[in-house]
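Given only the sequences and the hints, what does the whole structure look like? Please build it.
Here the numbering used here is used: the first residue of the sequence shown is 2, the next is one more, and so on.
In case anyone wonders, no lab produced these hints; they're calculated from the structure.
In this text, a Cβ means the ideal position worked out from N, Cα and C, and glycines have one as well.
Check before you lean on any hint, since a few could be wrong.
[As the list claims (entries may be wrong)] Below, computed lysine-lysine pairings styled on DSSO-like, alpha-carbon distance capped at 30 angstroms:
(1) 158 to 6
(2) 145 to 20
(3) 182 to 43
(4) 145 to 310
(5) 20 to 182
(6) 6 to 20
(7) 6 to 145
(8) 158 to 20
[What the hints assert, rightly or not] Distance windows between CB atoms, simulated:
(9) 290 to 93: 45 to 55 angstroms
(10) 292 to 244: 53 to 63 angstroms
(11) 192 to 93: 12 to 22 angstroms
(12) 117 to 97: 23 to 33 angstroms
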Amino acid sequence: MFDQKSIMVTGGTGSFGRKFIRSVLARYQPRRLVVFSRDELKQYEMQQEFNAPCMRYFLGDVRDRERLTQAMRGIDYVVHAAALKQVPAAEYNPTECIRTNVNGAENVIHAAIENGVARVIALSTDKAASPVNLYGATKLLSDKLFVAGNNIVGAGKTRFSVVRYGNVVGSRGSVVPFFRKLIADGVSELPITDARMTRFWITLQQGVDFVLANFERMHGGEVFVPKIPSIRITDLAMAMAPQLKHQIIGIRPGEKLHELMVPRDDSRHTIEFPDHYVIAPAIRFVDAGVDYTRNAVGLQGQAVAEGFKYSSDLNPHFLTIDELVELDRQTP
2 MFDQKSIMVT GGTGSFGRKF IRSVLARYQP RRLVVFSRDE LKQYEMQQEF NAPCMRYFLG
62 DVRDRERLTQ AMRGIDYVVH AAALKQVPAA EYNPTECIRT NVNGAENVIH AAIENGVARV
122 IALSTDKAAS PVNLYGATKL LSDKLFVAGN NIVGAGKTRF SVVRYGNVVG SRGSVVPFFR
182 KLIADGVSEL PITDARMTRF WITLQQGVDF VLANFERMHG GEVFVPKIPS IRITDLAMAM
242 APQLKHQIIG IRPGEKLHEL MVPRDDSRHT IEFPDHYVIA PAIRFVDAGV DYTRNAVGLQ
302 GQAVAEGFKY SSDLNPHFLT IDELVELDRQ TP
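Below, the structure written as structure tokens:
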């Protein structure tokens with residue numbers, strides 16, 4: 002569906018954006034592939050690697066609706082990946098996080114509608130489910146805005162959906178590169194916030210593949226949640242540096258012991274498919290006849306049990322230490 006189409010990625014110079022661009026160029030023949038971001042140095046560096054004739058680089062900030070509207074002219078599909086993501090930084094700089102993650106989401110929605118973009122997928126996070134930190138709260142608001150965007154567009158053609166997943170292996174600012182640097186620096190102990198901590202775990206390629214698949218599966222209004230494994234933070238530390246002791250340092254501001262992707266209160270709207278869940282919209286759209294138990298490619302799902310929740314500590318699939326060792330070896 003992406004051949005001879007124009008695709009734009011906001012925050013396209015980030016970890017996800019680079020992997021997404023590489024995957025699209027390898028699998029499809031897009032007419033245009035637009036990277037939209039505010040960092041000119043990262044765009045310059047990215048152009049040295051991705052310089053296909055279809056590539057376009059737009060400097061701009063999602064806070065700037067006029068620039069977004071200009072950049073989306075003629076675009077068919079948008080992936081909204083731009084966000085401020087660091088939990089402690091958001092706690093100390095709340096207004097900046099709100100301006101990018103909430104106001105920026107609203108700007109993307111209006112720019113897409115104004116330009117008649119066909120489909121938009123916004124990237125979310127497990128921290129948006131029952132949030133306890135400001136970053137998660139802003140992403141929950143963003144999710145709600147994108148779901149409601151299907152009402153704002155009315156009878157227009159633009160459709161909005163959300164993809165929510167957990168920690169991305171090796172992404173910038175995540176625990177894997179942090180541990181790697183400490184190990185390379187020769188520390189005698191690895192800092193562990195809490196020995197009980199668990200997290201959902203997904204590779205960048207898995208995240209990209211999930212987004213690409215959902216462009217075909219979406220009706221509009223869904224929150225897509227992949228079935229992915231969990232890890233114990235102590236197992237990760239053991240896999241990366243079995244010779245090092247662990248130092249318990251306590252949970253940082255805004256952190257949870259365990260992450261959640263489908264809250265119990267959303268169980269009445271949640272549908273299970275073989276490799277993912279869909280949280281159907283709780284509000285009725287202008288197009289009220291959509292059956293979310295059957296996706297746009299015809300796959301049938303089943304409603305989950307009342308009271309179901311999908312959390313990292315109750316996940317039936319945990320990676321073993323050996324699996325984490327192999328995953329760390331394969332992660333750049």
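Here's how the hints hold up against the structure:
| no. | hint | verdict |
| --- | --- | --- |
| 1 | 158 to 6 | holds (16 angstroms) |
| 2 | 145 to 20 | holds (26 angstroms) |
| 3 | 182 to 43 | holds (22 angstroms) |
| 4 | 145 to 310 | holds (19 angstroms) |
| 5 | 20 to 182 | holds (22 angstroms) |
| 6 | 6 to 20 | holds (18 angstroms) |
| 7 | 6 to 145 | holds (27 angstroms) |
| 8 | 158 to 20 | holds (28 angstroms) |
| 9 | 290 to 93: 45 to 55 angstroms | holds (46 angstroms) |
| 10 | 292 to 244: 53 to 63 angstroms | holds (55 angstroms) |
| 11 | 192 to 93: 12 to 22 angstroms | holds (20 angstroms) |
| 12 | 117 to 97: 23 to 33 angstroms | holds (31 angstroms) |
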